[in-house]
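Q: One letter stands for each residue in the lines below.
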Amino acid sequence: MTNRIAELRKGRRISQAELADAVDVTRQTIISLESGRYNASLLLAHRIARYFGLTIEEVFLFEEDTP
Amino acid sequence: MKIGCRKPSKFEWIFCLLLIPVGIYFTDLRHYSQTLSSIGLGGGVGALIGLSWSRYRYHRLSPEEKREQDRMERDERNRAIQEKAATFSWRVLLFALLGAAVLCMEIQISSASLCFALIVLGVGANLGAMAWFRHRM
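The listed protein sequences correspond, in order, to chains A and B. When you read off a place in the first sequence, starting at 1, and then add 36, the result is the number in my numbering. When you read off a place in the second sequence, starting at 1, and then add 1166, the result is the number in my numbering.
These are calculated hints, taken from the structure and not from any lab test. For every residue, glycine included, the Cβ atom is placed at its ideal position computed from N, Cα and C. Possibly wrong hints are sitting among the right ones.
With beta-carbon atoms standing in for the labels, derived distance ranges [claimed, not checked]:
| id | chain 1 | residue 1 | chain 2 | residue 2 | range |
| --- | --- | --- | --- | --- | --- |
| 1 | B | 1265 | A | 91 | 44 to 54 Å |
| 2 | A | 43 | B | 1298 | 28 to 38 Å |
| 3 | A | 92 | B | 1215 | 42 to 52 Å |
The whole structure should be built from the sequences, with the hints applied where relevant.
A: Pasting the structure below:
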């Protein structure tokens, strides 16, 4: 599963630390999410999507759906 | 995460406090139960000291550092790493215990050395697994 977290974060000029604070995880978790080494749980995916004001499907992309 | 710098859980306090009476109970019994007495008393007192030190260090942190430390303990990735490492080290210990049981039947080996070796193996497997999963995840 891939995601657009880095793209969305940079577009809104938010640092990894700020995003981590907002969704209550460590900065290392955000780094691992952006690099694709870690897949977020449903709860964390929901928190991140809600933070960006998007749906989960708009932030996280399943490999089958990736063009 | 700062090592030895967290709030110990109630379960950890209770476990340590239960080890000490177990150690005292086995002190006056037959010779080979001195190992249990050592584990109970030594382990219980040592763990109590360690937990108290950890709690003391935690309470010395600033509010921001405390918040950061609490978040590191709640963090789902850290929990996932710990659970995977615990599962791996449990499997290693299980096979080690089976091997130890076979060894005990074949060779005369002291139970204290075996216990110590198994503890070292378990802790080593857990720490190694955590480092590995932290790197991979």
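Q: Each hint should be assessed against the structure and marked as holding or not.
A: Outcome of the hint check:
| no. | hint | result |
| --- | --- | --- |
| 1 | B/1265 / A/91: 44 to 54 Å | holds, 52 Å |
| 2 | A/43 / B/1298: 28 to 38 Å | holds, 30 Å |
| 3 | A/92 / B/1215: 42 to 52 Å | holds, 47 Å |
The structure is consistent with each of the numbered hints, conforming to all of them.
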